[in-house]
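Q: Protein sequences appear in the order of chains A and B. Residues 1 to 173 in full-length UniProt numbering are what the first sequence spells out, letter by letter. Residues 1 to 451 in full-length UniProt numbering are what the second sequence spells out, letter by letter.
Don't read these hints as lab results, they were simulated from the structure. Misleading hints may appear alongside valid ones.
Stated by the list, open to error - Derived Cβ-Cβ restraints for the label pairs, each shown as a range:
1. K76(A) x K317(B): 47 to 55 Å
2. D447(B) x E125(A): 28 to 36 Å
3. P63(A) x K317(B): 27 to 35 Å
4. E106(A) x A430(B): 31 to 39 Å
Ideal placement from N, C-alpha and C gives every residue a C-beta, glycine not left out.
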Amino acid sequence: MKVMMIFDQTQAGLGGKESPDLPMGGKAMGIGSCEMFTRFLDQQGGKVIATLYCGDGTFLAEPELNAKKFAAMAKKFNPDVVICGPCFNYANYGIMAAKSAEAISELTNIPAFAIMSQECEKAIETYKDKVTILKMPKKGGIGLNESLSAMCEYAKMLVDKKDTAEFLEKHAY
Amino acid sequence: MDKLEKILMPMADVLTKNRVLIAIRDGFLISTPLLIVGSVFLLIANFPIPGWDAAVSSVLGAGWTDWFKAVSRASFNCTGLLTALGTGYAMAREFKADKIQGAAVALVSYFILMPTIHTAVRDSGEVVEDAIFAGLDFDYIGPNGIFMALICATLGVWLFAFAYKKGWTIKMPKGVPPAVADSFAALVPSALVMGVAFLVRIVFSFTEFGYFQDFVVAILQTPLEGLGDTLGANALYSFMCTFFWFFGINGPAVCNSVFFIGNVLTAKQLIAFEAGEALPYIFTNPFSNFFCNFGGGGSTLSLVILMVTVCKSERIKQLGKLSIVPGFFGINEPIIFGLPVVLNPVIAIPFILVPMMNLILSYFATLWGIIPRTTGVNLPWTTPIGFSGWLATGSWRASVWQIFLLVLGLMIYYPFIRTLDKKYLAEEAAAANESSEEDDISFDDLDLDNL
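Generate coordinates for the entire structure from the input sequences, incorporating the hints supplied.
A: Set out below in structure tokens:
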């Protein structure tokens, strides 16, 4: 299973709240917080083939165009699935992830989904009916391992075209 | 590890979701900024430079320190009162009662349970015959009153909210302004809480303690203060704070709801410092902030310095450069998630070990007089290394000690970050080999029309 990640500056390991202006970029490998869920991805036979990143401020300056750019890049790399997240409770990253997942699902044939905590209210409210948004705890919250494991499991289910209805009932907004 | 997680998670869940514990934790947060500002005023009055007092006196005149001490006294000599108010407010918020009414009723029940009529005493200690006066006593509304404040705020507001929910309120007809209706709605619940406090006061007047607060101080606060100033209790706290992070859980957020004794010790230390008395405690908040963790939880400043100086992986170097300035101010969020520290077994080991080592060594260094005790001056936790040690103790030796610990931290982090560095280097090399193109992805010449 070839996986593509979409990260903000913090998850990419390229800064924190003080660097929302990070330009869009990427690496043809797993970087930053990928280390958190490598073991769960291994269990599903998955590997991160590319990580795309963008500062949340940069993204939100032109959300339509930037989401399109992510979609075009996904098409170029042609992974089996794109994971937009984990966003924790970073609200702007939540919007970026949900918007990007929507664009990728609409403009390409590659399945994509987002994952964030309930604190990302605006993103969840706006996008939950358009794209799948999985649940996870806020930063420092309880149940991170479990949610990252579920994230990888869901990616695999999408790639294998399995029935996800029951899974989503439990794990999605 | 998975088994351990199954045991720890429900525990963390209870500690972070229990409404009373949340209220206690947040109640202290309300008074924190006031204590920091009060500390700064006291620090100015006692700035750790020889000849400071004389120099300022020559400009402002003798007695200038009294102006500053008035501000510090109004904050940390009132920590009990502020705790009753803050925790009462947070309790009311958690239990969905009127917040300001909840805070007020907590405060009033707190006052009911303490002595408010005092006999006048001369400086010599001699009691003045027939001279009685009424008022609030700093001995009771200060740090000695913190536990009593917590009891009044939690039980009092719980009872208050309970009466509210049961509908034991006086309801006003429609058309009465909401503010008036709210104040009448609080009447019966407030009467209930104040009535209970009244009865408790009477009961304790027949005991040897005389007052409920003296009882709380004797059987609860004093023993817990003793326990809170031991190496064992603080080592356990330090371990739990970092260990929870390993599972992605914010350790201090979990532990601070039960381990809040540092707030009490800090305030009492400050009062002793202000009075020029011997400093009673070692484990104050400034001690744990400035001698145990440099650069945030896990004492990650050492880690970030290694990331910049000795690591070869491009990713680690880049993240190190970005994190070093925030690191000096105690902020490590970029590396917690970006390196990452969270769910990373390699980094977990030094992340737990280094703060523990700092804690133990600093404890003995204080005990053996290598560094002085902290004065209790409650600086913001973002105060950079070097300055923080000096200002927290008044001695440059403490700054040197901080740098010494930082260097020891480098040694402990070194083998672990090198392991991670080698792993990342191998990954970067593999990625470069696999893809014929550069491993950097560029969006510059991306064709959007293809979609």
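Q: So, for every hint listed, does it hold in this structure?
A: Comparing the hints with the structure gives:
1. K76(A) x K317(B): 47 to 55 Å: violated, 28 Å
2. D447(B) x E125(A): 28 to 36 Å: Given about 33 Å between the Cβ atoms, the range holds.
3. P63(A) x K317(B): 27 to 35 Å: Hint holds: Cβ distance 31 Å, inside 27 to 35 Å.
4. E106(A) x A430(B): 31 to 39 Å: holds, 33 Å
Hint violations for this structure: number 1 only, all remaining hints satisfied.
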